[in-house]
Amino acid sequence: MKTNHNDCLERSSYRRVKIEDIELFYREAGDPGRPTILLLHGFPSSSHMFRNLIKLLAQDYHLVAPDYPGFGYSSWPSPSAFNYSFDHLAEIIEKFIDYLGLRSISFYMQDYGGPVGFRVITKRPELVHSLIIQNANIYVEGLGPDVQKVGALTQAKDTAGLESTINFMMSFEGIKEQYLYGAPHPDFISPDSYYMDHFIFERHGIKDIQKILFKDYANNFPKYPEWQKYLRTYQPPALITWGKNDKIFPGPGALAYEKDLPDAEIHLFDGGHFLLEEYAKEVSELIDNFLQKNMISQ
Amino acid sequence: MKNQTHYQFIEINGVNIFYREAGPKDAPAVVLLHGYPASSFMFRNLIEQLSDKYHVIAADYPGYGRSEQPPIAEFDYTFDNFAVIIEALLDKLNITRYSLYLMDYGAPVGWRIASKHPERIDSLIVQNGCAYEEGLEAFWDPFKAYWKDRNDKEAEHTLSTFHAPDGLKWQYTHGVPDPSVVSPDNWEMDLRHLERPENGQIQLDLFYDYGTNPPNYPKWQQYFRDYNPEMLIVYGKNDYIFPVSGAEAYKKDVVNLEYHLFDTGHFALESFGDEIGATIKDFLDRKVAQKYSQTTQSTQSV
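Same order as they appear, the protein sequences are chains A and B. If you count the first sequence from 1, position 66 lands on 66 in my numbering, and the numbers rise without skipping. In short: position in the second sequence from 1, add 1000, done, that's my numbering.
Chain B extracted, bound-state conformation:
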């Protein structure tokens, strides 16, 4: 039972945050950052795969999954603030060095943390998460219109359809060669969270705030160039939201890059969880675990 996942709550900046935690606490940490409009639920299987050798943490952002959803009037639903919450959570758990898994919304959350604390980063695992303008293709047109004019009701309507039942199911199944392998548990769970009062407005607020991310892209790219972090790309290559162009783009700046595409869509873990999990494990074993054991040995010899 030693690797069993724990399900816990912790108060961070006045918000009750839910997180899944598994694996030995003295093992290298891997922090999983989820996408929109999902939650740490999307990592339920990956956690089990990694937790024999890694200390895995997956939190739900405020307003997502099991975490508390503070009223809009009392909480800034922004990527800046989500990064603050995650950073504070890691501080509170005394996790000072870690690998980050960045997916979708997890990317702008994680890039904020990594570029602020490069010394804390063991490695970066990017799954359909963006840091380049060229990665924002046609799907992003209504977003760009919304960023330009928040009163653009047509854009707002289009954006709301992404987390309506059909749109949500599309996010999970589009680009998946055999959609019957995608568990309906995903959208059944997400939809109930989205039905909470004010949650629809929270999604719109974050869509609008997503406009703060592209202006940060040059800064994040500079971080890649300055610090040469170890990076693993595991992308669903048929994703319409974050297409392969966004994955390709990392090659311009990231020297220590391992690059894997999978024949699937946005929520790639749902159909290729075993393959992606194995790729991540192999990467972490070589890039992170070995280093940790060397550090331990040299400390012991001193």
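Looking at chain A on its own, in the form it has when it is part of the complex:
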């Protein structure tokens, strides 16, 4: 499927578009006439987490990676001016998809990308070509020690405990841990990753916004059955690549998809939450194989 095409289109570009009152930043690369992969990032990162994957796939695919409001380089209006919730982030992404006129999309979802992406997908199944799921959880068995700890604190109404947990997750040490935990080769993890997120989180007002979203995360669990039902009903082609040592969403969360998607292609890696920092090349090859295999059904 490699043909001559303008190599300028392979260059990443960095753009902004106005969605509602948000200046939404996004990275885009590749020929828009080629199959589109929409990259939905996790906490506490941004489209920056996809910088290497984008380069690896830009020759054959059209890649689009937005930053949600309150993340990366997108604007972060004060909570009095913008309702920060996963529902609203999903609405923004849906509008963004329509603004760009994206169709037949492969949704790459990591971490927060799951609850954002599944809201869009279940509302607009016609947009879906396939799913690429990486450490994005929609099953109870995929909730790791970190999430269970938050659940226990919530149940005990331990607000001080919750506060210190989220504060740690937003601190430099906490962000770094999310990148390094479970990574067998820590010296392969570029410090660009956690420093970039840290720099962004130090901007005025970001942490207050993140706390609101962190609280709202609880509204995702009741939606799991709905998202699972979507999978059972529509049986979208799915590639699941997962860092099995992740303590937020460990390996069992990947295997759980098999219950609803018996045909899913599942790959567990000896890696952590931000798998792409260590395995971008391997994941890009799996994506390429997976999408080539599923192109016929397009």
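Since the hints were made in silico from the structure, they are not lab data. Because the structure is a prediction, the values reported are computed rather than measured. One thing to keep in mind: the hints can contain errors.
Computed footprint of chain A on chain B, listed as stretches where at least three residues anywhere in the stretch have a Cβ under 8 Å from a Cβ of chain A [claimed, not checked]:
no.: 1; stretch: 1004–1014
no.: 2; stretch: 1032–1046
no.: 3; stretch: 1182–1190
Built from N, CA and C at the ideal position, the CB exists for glycine as well.
Use these hints to put chain B onto chain A, whose structure you have.
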């Protein structure tokens, strides 16, 4: 995973130095020297391009990127000292022969090393880095005023604007036909480094110390004439900081010169990384890798 970049720290002369390293350790070495006020971050993609066949090393100078920023009172922020640090790093890593990539500040750092150790140099790759007076055009007027009188507050103010947010973004985007291809990661990263306490003063100290470079130009040019190093020029031709006149000038002294201009600006790798990377690879394959394989063969036959 064999070519994956490693991110490491090493203590050099009491300073904790951060460096990126990739590629086979027995392959020809390529040492990447970054510009102001960037860091080895500017080489993040080039490293991946070269590391299948070359042993690539890119360190951050003290006070830049991830390297430690010792207090001004305890460390000489000078080009002499940066060259000492890089040389000591290469010694410690046991890298005895190498090609140098010299960009912006990387040029005065690298010319010091190359002219001191011509026998260590496999080749020189120059990207918007200067060794000639005629390459210091209008952009350098406030610098020249500052070198003359360090108390020239007007000059100092102008100089500080280059690493203020607008000035920094200008450095990355000026002369780039389509600025949307330049990643904002560059200035977002640099700005946070520049915000560290004392860092602004470090930048001014180095601006002042840059005045030690032009007096060295004749010596470096003499080095080119005496040793005829293999040189590749890959210049962004719209750079206002180090304009093409500075690239042209190498032709006077460098016999073994390959010369490529790209329609872009100062941080040429950001918009023409693929093209420049391919040009460098082709150059290194012909000028350096072949020689290495011949040496290996002749050693084996002995």
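field: Residues of the stretch 1182–1190 of chain B with Cβ under 8 Å from chain A, three needed, outcome
entry: holds (count 6)
State whether the coverage of the stretch 1032–1046 of chain B by chain A holds or is violated, taking the criterion as 3 or more residues with Cβ-Cβ distances under 8 Å.
This one holds; 3 residues, not fewer than the three required, reach chain A with a Cβ under 8 Å.
Against chain A, does the stretch 1004–1014 of chain B show at least 3 residues with beta-carbon separation below 8 Å? holds (count 5)
In the structure shown, no violation is registered for any of the earlier numbered hints.
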